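Participant: Sequence lines, in order, name chains Z and U. Each residue of the first sequence is one higher than the last, beginning at 95 in the numbering used here. Each residue of the second sequence is one higher than the last, beginning at 38 in the numbering used here.
These aren't lab readings, by the way, just hints derived from the structure by calculation. Note that the structure is a prediction, hence the values are computed from the model and not measured. A virtual CB, placed ideally from N, CA and C, is assigned to each residue, including glycine. Mixed in with the good hints there might be a few duds.
[Said to hold, decoys possible] No farther apart than 27 Å at their CA atoms in a straight line, the calculated lysine-lysine pairs in the DSSO-like style are these:
{"hint": "1", "chain 1": "Z", "residue 1": "341", "chain 2": "U", "residue 2": "81"}
{"hint": "2", "chain 1": "U", "residue 1": "756", "chain 2": "Z", "residue 2": "341"}
{"hint": "3", "chain 1": "U", "residue 1": "186", "chain 2": "U", "residue 2": "268"}
{"hint": "4", "chain 1": "Z", "residue 1": "341", "chain 2": "U", "residue 2": "134"}
{"hint": "5", "chain 1": "U", "residue 1": "498", "chain 2": "Z", "residue 2": "341"}
[Claimed, not checked] From the structure, some residues in chain U lie toward chain Z, with a derived Cβ separation under 10 Å:
{"hint": "6", "residue": "341"}
{"hint": "7", "residue": "361"}
{"hint": "8", "residue": "484"}
{"hint": "9", "residue": "487"}
{"hint": "10", "residue": "671"}
{"hint": "11", "residue": "681"}
{"hint": "12", "residue": "683"}
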Amino acid sequence: MMDGTKTSGRYGGFAGVIVVIVLLLALGASAGESVAERRARVNEAAVLASESIAVLRQALDDENALIRRAAIRALAVLGDEAKVVLVVALDNGDPVVRRAALMALVGEPTPAAVPYLAKALADGNVTLRQTAIELLAAVKPPSDQIIDLLRQAQTDESAQIQSAAIIALRAQGEATVAFHPPPRDTVLLRHRPDVVDHVNRITVAQSIPLPADGWRFRIDPAGEGHRQKWSEPDYDDAAWSEMSIEKPWMSEYVGVGWYRRDIELPEPPGHICVELVFEGVDESAWVWVNGVYVGGQDIGPDGWNQPFRVEVTQELRWGAVNQITVRVLNTAYAGGIWRPVRLEALSLK
Amino acid sequence: MARCWMVLFAAVLVCTPIFAGEGKVAAAITGGRTVFQRMEPDAKVTLVVTNSLDQALRTVRVSVTLEGVPAPIETSMEDIPGPGSARVEIPVDTGLKPGQYAITARFAGLADDQMVRFETKGKLTIVARPLPMEFPVVLWGSADIQNLKEIGFTHSHYWLADHEPVWIAGEPVIPYRSGDHLATSLAALDNALAAGIRHIASVRPGVEAIPEVVWSYTNGQWEKHEGPELKERRAKYSRIDRDGKPYDRVNVCALFPEIPVFSYNVGVSIGQTFGRHPALDAAMINTEVRDSSNLCFHPHDIEAYRAYSGRDIPSEATSRNGITARQRAEIVPAGGIIADDHPILDYYRWFWTVGDGWNELHTQLHRGFKTGTHDKFWTFFDPAVRVPPIWGSGGEVDVISQWTYTYPDPPKIGLATDELFAMAEGRPGQRVMKMTQIIWYRNQTAPDLPEKEEDRADWEKAEPKAEYITIAPDHLREAFWLKLSRPVHGIMYHGTGSLFGGESHAYRPTNQETRVVLAELIHNVIQPLGPTLMQIPDAPTEIAMLESFTSTIFGATGTWGWGRGWVADMHQVLQWARLQPRIVYEETILRDGLDGISVLVMPNCPVLTQSVYERIAEFQRRGGVIVGDQHLAPALVPDIMIRQPRTESTPDAHKAAMQALAAQLRTDLEAVHTWQVDSSDAEVIVRRRQYGQAEYLFAVNDKRTYGDYVGQHGRVMEKGLPHQATLTVRRPGATVYDLLEGRAIQTQETSDGLQWESSFGPGDGRLYMIVPQPIAAVRVDIAERPPADRAVRVRVNVVDPSGRTLAAVVPVQVEVVDPTGATAEFSGHYGARDGVVDLHLDLAANDRAGDWAVRCRELASGRTAEARFRYEP
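Please construct the entire structure, taking both the sequences and the accompanying hints into account.
Facilitator: Written as structure tokens, this is what we have:
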């Protein structure tokens with residue numbers, strides 16, 4: 095049971111029975127008594143320990159939410175003594191009551207709590223489901239069942255639940271929305287062993303800003319885009335919506351979104367390598383050039399304002415049209431390619 | 038900088054010297070002051086004599102006469118070498134009545150036994166003393182006097198931020214400026230004093246300790262200095278991260294011991310040089326510095342924390358914002374309750390109060406100023422709540438302030454203001470002012486310039502490249518009222534270019550109506566009612582909203598003074614529910630408990646300390662109601678759940694969603710809360726202040742739609758709409774006065790109070806005074822005195838039908854009229870506290886003899902009174 099201020103019974107034996115009877119009468123006698131007064135009686139019942147459970151159980155079905163919630167709070171404090179009632183309360187009509195009952199039963203999450211959490215994950219109330227995900231993520235070590243439950247939650251109808259599931263899976267080191275980017279073995283110029291101590295030799299031979307407008311965009315709540323090859327150069331994105339970069343995408347969509355655009359490049363400048371520079375993508379990005387995965391950045395929510403660059407020397411075609419695709423994952427607030435993107439042709443002094 | 042300098046030159050008062058002594062001896066009134074405030078002590082005018090003769094000028098006698106003053110001032114000067122110069126200071130009688138006086142200084146001396154006579158003429162000005170309880174209206178910036186007066190600003194900035202000589206000296210430099218530079222500065226202050234404007238010194242020693250460039254004033258010019266020594270200094274004193282690297286956003290490490298010393302020395306230097314000048318009323322201290330403050334890892338920073346806590350800085354501390362939500366999940370128990378001395382919390386608590394050093398830096402600067410400034414001088418820091426919710430921001434400054442942009446919803450102004458009051462709770466006596474940004478970021482309000490000329494608004498055609506456009510007038514009006522509905526002690530505005538125009542290409546005045554509206558508000562509301570508002574405290578409220586420092590540090594999104602996010606939304610929900618929320622910090626709860634609070638709203642509070650949790654749980658056990666959200670620390674069970682919804686994509690949809698939550702909350706609270714004041718719908722926000730038994734009801738119209746200024750871009754509903762609402766108060770039998778219209782209004786009795794209909798213009802506010810007894814009369818009493826006595830005691834009484842003075846603060850206008858019919862000193866607006874205004878007129882020796890009148894009009898019901906006295910000096 096979760097920690098809380100547990101008060102031992104003040105009224106024992108016969109006296110306790112008398113008090114309970116009084117409370118039952120009081121709780122039932124709503125005529126002429128305000129909600130605040132009835133709530134005060136429920137609060138008083140909390141100090142009666144086991145003698146009050148029947149009263150509190152009755153109060154869980156009170157028509158007034160404040161009474162119900164005072165009752166579940168009192169039951170949660172009673173802990174193990176009230177476990178039977180708490181389990182029953184998982185099916186209470188009041189989601190706040192159900193959530194409090196869940197928290198009381200789970201306490202610090204252990205594998206034993208998973209059945210309660212699985213039940214909560216199927217609850218019709220989004221707050222219950224979100225609580226369940228957070229508690230599932232706290233169970234150590236995560237079992238396969240937990241990972242499966244979290245993966246299922248990625249396709250929840252609520253974007254907030256999707257977000258919570260994605261965050262939980264990432265915290266467990268699991269791939270989200272079942273996306274496994276292929277490894278890249280390219281190295282940025284500045285990281286090359288022969289350059290790393292001489293980065294001041296790097297010069298930008300040509301910088302080509304990518305247009306802010308003219309991108310195609312599509313959200314991918316189910317995380318299926320990569321399976322459906324949305325990064326292929328000849329993929330038909332005509333039905334996708336128009337989107338500009340250098341600003342967040344619409345509202346606070348949480349999940350995956352894809353950007354596509356064709357970029358026509360001039361003849362090649364004198365350079366030794368080319369890098370695609372992203373000033374800011376909120377929050378993770380995977381990039382394809384002409385259908386080839388070239389890298390990205392995936393450092394979690396903290397990546398939202400972190401610039402990054404990917405090596406594209408081999409994949410880029412100068413004097414031709416190039417297809418750029420960017421898959422973006424956002425887990426909180428607004429997301430997207432919200433800062434400029436540019437190509438940098440680099441050389442060494 | 039160049040523009041500031043032009044302002045300085047414009048303010049120089051030059052007195053024309055009269056040459057004599059065969060043209061080789063001259064005198065001038067220069068180098069000092071020529072404008073004084075009435076009754077100002079130690080007033081002196083400086084006369085400089087320049088002797089171009091080859092021989093000394095000896096036994097120089099000086100006779101100074103002031104126009105209208107019969108007796109000249111006689112004095113002598115020491116011998117003036119030839120060639121050479123000397124100065125003499127002549128005392129000024131500031132007991133003279135306000136006005137401008139011609140001054141003539143005549144000199145006579147001997148040069149080689151030949152009498153040399155010469156003279157100089159000029160003008161001295163005596164200005165009236167400011168009225169008590171003047172309500173500051175600050176232009177956060179500078180503008181010419183005419184513009185300031187047109188709007189009604191009382192204060193503007195004055196640039197005094199050339200601190201390098203103090204850094205070099207390592208001690209106070211007094212005078213802070215010298216020669217022409219000092220004279221120019223004093224002349225600028227004089228100029229402001231003569232116009233009735235007060236200046237605020239803008240000083241940032243915390244920034245100028247590590248300058249990129251240094252400016253020095255030489256021979257009337259500013260010179261720029263750069264060099265490797267400045268870079269070295271900047272590198273040495275800047276904050277560094279765990280790896281020893283400087284941050285991209287440079288910020289001084291205030292724990293270097295020489296930095297607070299420098300701050301103090303700057304305060305002493307300016308305070309003791311200019312601080313007695315009545316026109317220098319305040320200092321803005323280290324503005325906007327904490328946004329770039331960051332965790333610092335110099336050896337002395339590490340050691341300072343070790344000395345404080347006995348521990349090392351926790352490894353999780355890498356960001357000024359605290360740890361991430363992901364880290365929280367790994368660290369915080371499921372119930373969300375942590376120990377009071379949790380190492381991460383303990384470090385951040387130290388950092389944001391002591392460890393980043395800024396609070397102490399502000400304190401040192403404040404203390405330095407106070408070594409030399411006049412009694413009314415105030416210091417202020419802004420933006421003071423761009424920090425997590427923990428006491429101490431601003432250190433010991435007298436005033437804290439915050440700037441806020443009104444878009445998308447003006448009630449955001451209320452959030453920042455309430456946050457300031459929560460912050461000031463930590464330093465009793467600290468006052469709060471509030472700034473509204475005149476500027477709007479174009480990219481957030483009207484970002485895309487239509488391609489076709491015909492699709493553009495007029496201002497977009499005229500100012501296609503403007504980056505900071507003008508706030509919409511209806512937003513300005515609404516924000517004004519929302520500020521005034523709180524007990525602020527001043528209001529501020531920033532954005533000279535967007536208000537008045539000027540050279541800036543970025544700051545452009547794109548809405549001319551805004552300027553008109555601002556002037557109307559200042560002249561019609563602040564000037565008559567400001568002294569009253571200055572004296573009315575807030576009313577007690579039963580609704581509190583917790584901004585949790587612990588949660589903020591453990592990965593929950595706080596407002597950080599920006600008015601964004603769910604916490605900010607919840608505060609607006611409370612306003613739209615007409616609940617008058619008070620913001621409390623965890624420290625408030627621990628120090629004061631939650632007595633008097635019946636509803637505690639806890640948005641985004643996933644983590645609490647054990648002590649705070651226990652206080653809140655006990656509050657709930659005693660009958661307090663908790664309004665929580667899905668983020669609430671699970672150890673607490675909310676009585677009412679308001680789930681954070683997804684943010685809607687358009688302002689109208691977002692506002693509607695928040696107002697729906699407000700309606701839900703009102704329903705949920707009906708059984709346990711009673712609204713003391715209310716309006717018939719969410720579009721009229723009500724708020725009350727209270728003095729004794731008198732209540733002051735503010736009602737503000739928030740009904741808005743998309744207009745054709747920026748509304749066509751879909752980012753802001755900037756156009757206010759007229760509206761009507763029924764207002765109710767639980768004050769049976771009370772009398773209600775409309776303080777804007779100066780009349781009692783008709784009300785209807787309800788079962789437990791009063792109600793009336795109120796009409797609003799766009800963004801409009803109304804102010805009602807509700808008192809248990811009506812005003813029956815206003816009286817002016819003048820104490821008996823001999824006609825020659827200059828001291829005249831006047832008392833204005835606002836009384837109820839029983840003849841008792843009203844237990845309220847009542848706005849009154851007083852006119853003191855001399856025998857010629859001219860308005861005299863102390864005429865103006867007052868707030869009659871407990872129905873009383875006491876005036877102590879110190880008539881001047883040169884005031885007109887004859888019958889004087891004191892006329893009074895109280896502005897609640899419009900009643901008037903007059904009394905007369907005779908003056909025969």
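Participant: Confirm or reject each hint.
Facilitator: To see whether the hints hold, each was checked on the structure:
no.	hint	in the structure
1	Z:341 with U:81	61 Å, violated
2	U:756 with Z:341	25 Å, holds
3	U:186 with U:268	43 Å, violated
4	Z:341 with U:134	62 Å, violated
5	U:498 with Z:341	24 Å, holds
6	341	27 Å, violated
7	361	7 Å, holds
8	484	8 Å, holds
9	487	14 Å, violated
10	671	4 Å, holds
11	681	8 Å, holds
12	683	6 Å, holds
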